[in-house]
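Based on the hints, put chain B in the right spot on chain A.
2 protein chains.
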Amino acid sequence: MPLRLDSASPDFEARFSDLLAGKREASRDVNDSVAAIIADVRARGDAALVELTNRFDRAGVTAATLRIPEADIAAAAARVSPQVRAALQTAHDRIRAHHERQKPTDHIYEDHLGVTLGTRWTPVDAVGIYVPGGLASYPSSVLMNAVPARVAGVSRIAMVVPTPDGEINPAILAAAEIAGVTEIYRVGGAQAVAALAYGTAAIARVDKVVGPGNAYVATAKRQVFGQVGIDMIAGPSEVLVIADGSANPAWVAADLIAQAEHGAGAQSILVTTDPALADAVESEVERQLALLPKQAIAREGWEEFGAVITVASLAEAADLANRTASEHVELALDDPEALLPAIRHAGAIFLGHHTPEAIGDYVGGSNHVLPTARSARFASGLGVLDFMKRTSLLGCTPAALAELAGPAITIAGVEDLDGHGRSISIRLNR
Amino acid sequence: MPLRLDSASPDFEARFSDLLAGKREASRDVNDSVAAIIADVRARGDAALVELTNRFDRAGVTAATLRIPEADIAAAAARVSPQVRAALQTAHDRIRAHHERQKPTDHIYEDHLGVTLGTRWTPVDAVGIYVPGGLASYPSSVLMNAVPARVAGVSRIAMVVPTPDGEINPAILAAAEIAGVTEIYRVGGAQAVAALAYGTAAIARVDKVVGPGNAYVATAKRQVFGQVGIDMIAGPSEVLVIADGSANPAWVAADLIAQAEHGAGAQSILVTTDPALADAVESEVERQLALLPKQAIAREGWEEFGAVITVASLAEAADLANRTASEHVELALDDPEALLPAIRHAGAIFLGHHTPEAIGDYVGGSNHVLPTARSARFASGLGVLDFMKRTSLLGCTPAALAELAGPAITIAGVEDLDGHGRSISIRLNR
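Chain order of the listed sequences is A and B.
Our numbering applies: residue 1 is where the first sequence begins, and numbers increase by one.
Our numbering applies: residue 1 is where the second sequence begins, and numbers increase by one.
Next up, chain A with everything else stripped away, as it sits in the complex:
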């Protein structure tokens, strides 16, 4: 049974805090092994990369075969059914269209003193995309990572994907082909991240590494951060559904199950003002679970991490949502816009009864790479801005410099940086 809480209970605060604090994944300390792998790849380059790949993935690669030939990409992509190709193309086109609208504009202006000030955006040159292999190998994630990079204007995208026992999901390669990614290497784990960050003979280094992965990949990203940029440290997925009496319990139940079927600590929470809906959703989850091919995973996730919370008002529901700062928040309400301003911390918000979260996973157009584990308090979903950077511009006329010199030299003095002051005063001498 999932946790059932009522915000009116005396012990609610304590139990809700426990729910928030609960760990949903084993935090494995792989710091030392990852540091050793990174050091090895830095020291021995491809030799280390090949050795580690053959050991961990039993892939039988050499430095010459690390890269998947473009002909092989095309051949694999061709093995995917026309229906799947068309679906991936639709997803790609919608993701692309939406992300095109995220492109920032430069903002450069002159202030009242004649000082030029501004922000200019430019793309990152080279990006590495990590794509997990095996079970959680999702072609949709290839699109979600590659498309914003391309829209940003990134000129080189290098994709790495482990191929355990030499196997790769052809839909992954089809998605890469649709997204225009042609530089793909069959490597994974911390060794792939190290190669992307520091470069080897076979894999030129990139400027930023994005994409989800296991504990080794996440730790490697943390360790190479600074040498390259990284996106975020992804945790288990999660949804929080806010529903009132207008919600359809079967639809809400289906959404809770969709989240729980990710397994690996995925969490589904229902917050509702309607106790009858809460009961009906719980029954519906049971009924629908019984019909699901992978019911074991979904049931385990629902029972271990799921929660159904009844509250007195939608305002209270919004408050709990903000404290949870969930990756996905669904507003299963007739008038979702009315509650929208109250939801301040969420990776993505899904509006109304006809927007199941799964639409956003694939074809809505928005990005499905979103902050997890309460990091929506400070982090954002992946987007075009993540593949660009800002340069600030400053320009003074002689008159503007003369105007600003006094306070600048004064502060330089307080900071004991005379050379700073002198670089200004020397320009004032006629």
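Derived from the structure by calculation, the hints contain no laboratory data.
It is possible that part of the hints are untrue.
[As the list claims (entries may be wrong)] Covered stretches of chain A, going by a simulated chain B footprint (3 or more residues, C-beta under 8 angstroms):
| hint | stretch |
| --- | --- |
| 1 | 104-112 |
| 2 | 224-230 |
| 3 | 347-358 |
| 4 | 386-393 |
[What the hints assert, rightly or not] With the Cβ distance kept under 7 angstroms, some of the chain B side facing chain A (calculated, not the full set):
| hint | residue |
| --- | --- |
| 5 | Ala250 |
| 6 | Thr355 |
| 7 | Ile359 |
| 8 | Ser366 |
| 9 | Thr391 |
| 10 | Leu393 |
Computed from a predicted model, the values in this text were never measured in an experiment.
For glycine and all other residues, C-beta sits at the position ideal for the given N, C-alpha and C.
Just chain B, lined up with the frame of chain A:
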């Protein structure tokens, strides 16, 4: 003597690569000690914080005196001269005015299928600002970190500053007062970062930690990343000046010295199309160094890390600047705008002969917290966006859902996520 390179020399490529690869700070591996400090603060809270603070800073604090009373802030601020206060106020007002223009706007629209898509910006709730104590304790940095947070709408700003032997620069507190920061704790090091990230009885936890610090602080930020957001890992400061024959050698020399006087690995590079200017600047640096009170630090930095590079064209200069991806790039040219599009990787660009970098450090209005150590390849200077996060919005009408259902269910099938497909198909049954 600084390094002198000519891009026409046969060994130029090798020597320039060495310059780029050169380490300018000892990379101290303090991972284990930092992990132990963070674990201690998490386990024992204020007791650990007080013990560590009294051990490292000899500060004689208790849990009750960790926070600096507002009356003490006001009293310290009042000890600062009216001239310094006015200068800090000018800096504050200009930084504020510029950052007000960085505020993002939400972008929400309906596409041709009637799907609502959008990006909404909201501020981070609580931010911790780390301010170094001791030598490199800069009131200007307090403004550069606090002002964008306030402009973003952050409702709580907690500042931590170590007070070695109980001492604190009153200008730091004056800057905090001007920026409206009233919650200030006399703690520093990894223990301060741990307290901000996880909270203690005395210091409530925040959502994001920003600000520069030593190896312990940088390592602690890296380790708490994910639990909270962080800004960047700051390295030694650096400037690259691109100059042609129109530049004043004395002014360029003053700018190179201003950077070098930061010490601690700070780097000054001149790239010029004019060998005569290169010679003149080198002589001027010598002449001006002799007049500088802190000449030892600046001379050491200039001789150890400085470089003067002659090139055949401004295009070549821009190429070297992009490969260097410097924190600060000065364009000491009559027509800086002409070269601007060619400079793609830089933290900040200073336009023309009358814009010494030091103006940007204090009163230009732009932020002086900028990416160092070549991270301008992927990172940006601090700004309002760093204190906000994006939530994506998605809303389907029944008709739009029906339109998108097919491809979404197909992709869910390929990914073996039947529950995802069912959350869509269940809504299509009439």
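Against the structure, the hints:
Counting residues of the stretch 104-112 of chain A whose CB lies closer than 8 angstroms to any CB of chain B gives 3, which reaches the minimum of 3, so the coverage claim holds. Note: the stretch 224-230 of chain A has 4 residues with beta-carbon separation from chain B under 8 angstroms; the three-residue rule is met and the coverage holds. Restraint check on the stretch 347-358 of chain A versus chain B: 12 residues with Cβ-Cβ distances below 8 angstroms, three needed, restraint holds. For the stretch 386-393 of chain A, the stated coverage by chain B holds: 5 residues have a C-beta nearer than 8 angstroms to a C-beta of that chain, and at least 3 were required.
Using the Cβ-Cβ criterion of 7 angstroms, the hint placing Ala250 (chain B) at the interface with chain A is satisfied: the shortest such distance is roughly 6 angstroms. Interface hint status for Thr355 (chain B): upheld, as the beta-carbon distance to the closest one in chain A is roughly 5 angstroms, under 7 angstroms. Below 7 angstroms, beta-carbon pairs count as interface contacts, and Ile359 (chain B) has one with chain A at about 6 angstroms; its hint therefore holds. Because the beta carbon of Ser366 (chain B) sits about 4 angstroms from the nearest beta carbon in chain A, less than 7 angstroms, this interface hint is met.
At a threshold of 7 angstroms, the smallest CB-CB gap from Thr391 (chain B) to chain A is about 5 angstroms, leaving the interface hint in force. Among the interface hints, the one on Leu393 (chain B) holds; its C-beta lies about 5 angstroms from the nearest C-beta in chain A, closer than the 7 angstroms criterion.
This entry satisfies every hint, going by the numbered hints stated previously.
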